[in-house]
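K.L.:
Sequence:
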Amino acid sequence: MTNSVRDLALAYRILGSFKIGVGVLAHLTMRGAGGSTFWTYQLGQSVEEVRTADLVEVDFDLKPVSGPGRVNPSLSIHGKIYAARPDVRAIIHHHGANGVALGAIGASVIPFDQHAARWHGEIALAEVYESPLLHGQSASIADALGSMKALLLKHHGVLVTGTCLEDAVVSTIELDNVCGAQLKAMAAGEVQTMPAAELADVKQVMGSNIYYEAAWAYYLRRLHRLGLDRGVDDTTPAGFEAVDVDLARDYSASVRGK
1 MTNSVRDLAL AYRILGSFKI GVGVLAHLTM RGAGGSTFWT YQLGQSVEEV RTADLVEVDF
61 DLKPVSGPGR VNPSLSIHGK IYAARPDVRA IIHHHGANGV ALGAIGASVI PFDQHAARWH
121 GEIALAEVYE SPLLHGQSAS IADALGSMKA LLLKHHGVLV TGTCLEDAVV STIELDNVCG
181 AQLKAMAAGE VQTMPAAELA DVKQVMGSNI YYEAAWAYYL RRLHRLGLDR GVDDTTPAGF
241 EAVDVDLARD YSASVRGK
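Taking my numbering, the leading residue of the sequence shown gets 1, the next gets one more, and so forth.
It is possible that some hints are incorrect.
[Unchecked claim] List time: in silico DMTMM-like cross-link candidates among lysine to aspartate or glutamate, alpha-carbon distance up to 25 angstroms: (1) Lys80 / Asp59; (2) Lys19 / Glu49; (3) Lys19 / Asp229.
Bear in mind the hints are in silico, worked out from the structure with no lab data behind them.
The whole structure should be built from the sequences, with the hints applied where relevant.
P.N.:
Okay, here's the thing in structure tokens:
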């Protein structure tokens, strides 16, 4: 599917409606039409308040192409992934409790039901995450992701890629639910893997564009029904102050001051 910038603004709000990425630290980006840029929101915003007018287009080195405001410097991670993976059209990174908890115990997703089976052979666990040194870690995270669809960052969060915006959003919500369900199952007893034949069948269905397109359409209806798409086309000045921050610079300065 071909996505508009407005679709991206709605995608942020869909994530917010599921309490994914709420705050100012989550990332959602979409590759630009030309392939060598990507769109994102402004540093200082939370996902549920993003409007189309707030979105910024940058190149893979985070140099601005169009749109106002500053972007999160840690999005250099996304630039590295887009450069290495032409198949990736959208990337989401968040710090939801379910994914963080599963990664913190060194576990990955077990294909115990149809939703978990979708991730069989498509998710990796990154053992080391040097969170303060954001600029230096971008290539290592892209390497850890490799050809996988998603990455659990131990002690940190989750990163999910998509072949399109809809795929990334639906997959992120599904993975968050899967991590939560697996944690409950692990607390109750031993989690058993689905039979191999059944696993292959449901993985094909749950990973298909038919599924994520239907789920995306439902999420849009749900967003409208809840009234959470109000203001997405508003063009008045943003109701927040863009943050001037360089995380690597500020971290280095704090270390020198000790």
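K.L.:
Could you run down the list of hints and mark each one as holding or not?
P.N.:
Hint by hint, here is what the structure shows:
Restraint check: the Cα-Cα separation between Lys80 and Asp59 comes to about 11 angstroms, which is no more than 25 angstroms; the hinted pair holds. Of the supplied pair hints, the one linking Lys19 and Glu49 holds, its CA atoms being roughly 12 angstroms apart against a limit of 25 angstroms. Between Lys19 and Asp229 the alpha-carbon distance is near 15 angstroms, which keeps this suggested pair within the 25 angstroms criterion.
Of the numbered hints listed earlier, not one is contradicted by the structure.
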